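**Q** Letter by letter, the chains look like this.
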Amino acid sequence: MSEEPETPATEMPEESAEDIGPIHPLQKLLDNPWLLLALGFVVPFLSYTVWGWVELLLTKKAELP
Amino acid sequence: MGNMQKDKMRVCSTTGLPVCLNAELFIKLNAVFGVVALLVGSVAAILLALTRWETVALLNPLGYYQVITLHGLNMLIFWILFMEMAILYFCSTTLLNSRNFSNALSWGQFGLMAIGMVAVEYSVLAGRASVTMTSYVPLEAKQEFYLGLILFAVGALLGVVNFFGGLYIAKRDKTYKGAIPLVVFGALAAAIIAVFTIVHGALVLIPTWLWSIGVLENPPDAAWYRLIWWGLGHCSQQINVCAMVAVWYFLATLTTGAKPLNQTVCRFAFLMYILFINLASAHHLLVDPGVGSAWKMWNTSYALYLAVLASMIHGFTVPASVEAAQRKKGIGGLFGWLTKAPWKDPGFAAFFLSLIIFGFGGGITGVTLGTHQINIIAHNTLRIPGHFHVTVAGGTSLAFMGLAYYVVPLIFRKEYPLRPLARLQPYIFGFGIVLMAIGMTLAGSLGVPRRHPDIDFTGARIAVDMGEAAPFLAMLGIGGTIAALGALIFVVLTVWAVFLGKTNKGRAMTSWQTPEQDRVTKSLMSSGWNPNEKGLKPKGTVVLTFIFLASFAVYYFSNWKALVDVWPVK
Ligand code: HEM
Ligand SMILES: [Cu+2]
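First to last, the protein sequences are chains A and B.
First residue of the first sequence? That's 1 in the working numbering, and the numbers climb one at a time after it.
First residue of the second sequence? That's 1 in the working numbering, and the numbers climb one at a time after it.
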């Protein structure tokens with residue numbers, strides 16, 4: 001990050017948390033690809049897919065009058 | 001630093017960046033297949049444009065549906081995804097100073113995607129799958145069509161896994177300092193969205209394929225198919241947006257020495273994409289029965305606007321970073337940074353035109369068309385292709401072309417021939433696409449449908465007059481032909497460069513810029529400057545932003561007016 005002091009080459013940001021003070025939770029999220037992957041899947045899956053699917057399941061079959 | 005073996009890497013003679021030779025091979029293979037798809041798609045594009053221009057009416061209806069299937073798949077799926085694979089290889093190796101994760105995975109990626117593409121091309125060209133790229137059931141294609149798409153998607157998934165593997169080993173081997181670079185973060189966002197996309201592709205295409213080979217008796221439910229298919233169809237566009245924005249940042253740096261003004265804000269914008277942009281798939285179902293209004297509104301308005309906000313952030317920070325870089329070089333005035341920009345560098349021209357066309361054209365029309373109420377007057381009209389050609393063609397494709405003007409000299413180490421023509425190419429393509437999109441949008445506003453070869457129903461008992469739409473369809477035809485020629489020029493120059501071009505091995509690439517521009521940009525890049533210094537305020541970009549917001553307001557509210565005219569509330 002441009003605003004933050006760079007960590008030495010040998011250390012990863014998380015491990016050096018104590019050295020440069022507390023890391024903002026948002027920053028932690030941005031630095032964690034696996035958590036991002038999980039959220040990036042679950043959020044739209046619930047909001048779009050599951051909700052939409054449930055609505056389709058609840059739609060009654062159209063009957064001819 | 002770095003985990004590349006000495007004999008499996010080289011150092012780029014132009015940028016000094018490390019290049020993993022394995023990754024380089026796959027970048028080349030994927031890029032070549034991408035360009036082949038662009039060639040097929042562009043030839044199809046001319047045929048389509050000359051069919052929709054009803055005065056020419058080139059193809060008969062059957063031919064039209066065959067060619068529109070060919071065009072949609074080659075452009076939107078094959079060209080774009082092969083290029084994106086190349087970008088993933090580049091980002092997870094060179095930009096992280098790391099080696100390719102797994103050659104076996106990479107061969108799987110490329111092999112499956114190539115086989116899938118060949119199967120689909122055969123199916124469509126042989127007339128066995130004229131179902132358009134959406135292949136809505138109960139329309140039925142022959143089995144190799146679905147199977148080809150499934151293989152292609154699995155290949156893409158392997159590419160994404162290889163990318164994540166690359167992130168993992170780079171972190172484990174500590175090949176880079178601090179957080180991953182912004183461009184890689186953009187690629188990460190694209191890769192995450194790709195996982196969601198590909199899962200939906202599998203969910204929808206596997207049962208459809210089983211039906212096509214007779215294992216399942218009935219096709220999937222049509223409404224369900226549309227719901228899941230758009231999880232694939234729409235989200236793949238969001239992969240494009242992320243990849244395109246990453247390419248913007250990359251080309252901005254390469255061509256002007258720009259640095260993002262505030263990395264955290266840019267990353268936050270990508271985070272909004274990751275979380276919310278996929279919901280927008282719902283805009284394709286705005287007139288579908290089955291799914292309710294709450295679902296439609298939530299997914300296309302409330303939550304989606306967070307992703308729109310992200311686009312506006314990128315739309316601001318990218319030009320602002322260019323402006324700051326230009327000001328740092330001592331260029332003054334409100335718009336001096338633009339007038340003195342390297343417009344003759346096709347990398348820069350393609351990037352900046354892409355930004356303008358995507359932002360002004362795609363952004364404004366997209367938010368408007370995605371509004372539940374307004375969609376009702378635009379759904380399935382030519383306004384929709386009018387919108388997405390300024391996003392995927394004028395935006396993403398143009399940005400990828402700009403990228404190629406650097407990838408070919410830096411990765412293939414071949415120089416482009418006919419350089420004056422190459423410099424002109426982004427303008428030809430950009431101009432043609434914009435003209436075509438305006439024609440489509442205006443014709444669509446008059447109610448001309450999309451996916452329709454013959455709106456005046458030639459030879460029908462009751463003649464239908466296309467009335468005032470004729471000049472707009474002519475605009476579509478002429479603009480489309482110019483755009484397709486622009487794309488073909490790109491293909492010819494690129495293939496020429498790759499296979500017959502002069503090599504630049506062992507020296508820097510021939511710069512696209514004037515010696516003076518080149519010198520200033522290079523010295524800026526190596527100077528460790530701070531884009532937030534005093535006196536570099538991006539005033540010009542702020543003015544552009546207000547012009548953008550004003551255009552948006554005018555367009556948006558005139559659409560509400562149009563809606564009121566059709567559907568007065570008394
Ligand atoms: C090279 C210049 C291009 C021209 C002249 C062109 C022209 C056209 C035309 C005339 C249509 C048919 C619209 C209709 O009748 O409904 C069309 C459809 C389409 N185009 Fe393009 N296009 C171009 C480039 C692209 C690119 C680069 C992409 C994507 C990356 C793209 C994606 C699509 C898609 C997805 C469709 C919709 C197919 C369908 O409805 O099934 N086009 N294009
Ligand atoms: Cu969409």
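Just so you know, the hints here were simulated from the structure itself, not pulled from any lab data.
Bear in mind that the values here come from a model prediction, so they are computed numbers and not experimental data.
Ideal Cβ placement from N, Cα and C applies to all residues, glycine included.
You may find that some hints are simply not true.
Computed, partial: chain B to chain A, Cβ under 10 Å [said to hold, decoys possible]:
| id | residue |
| --- | --- |
| 1 | K171 |
| 2 | V195 |
| 3 | I356 |
| 4 | F546 |
| 5 | A550 |
**Q** Which numbered hints turn out to be false for this structure?
**A** The structure conflicts with hints 3, 4, 5, although it agrees with all the remaining ones.
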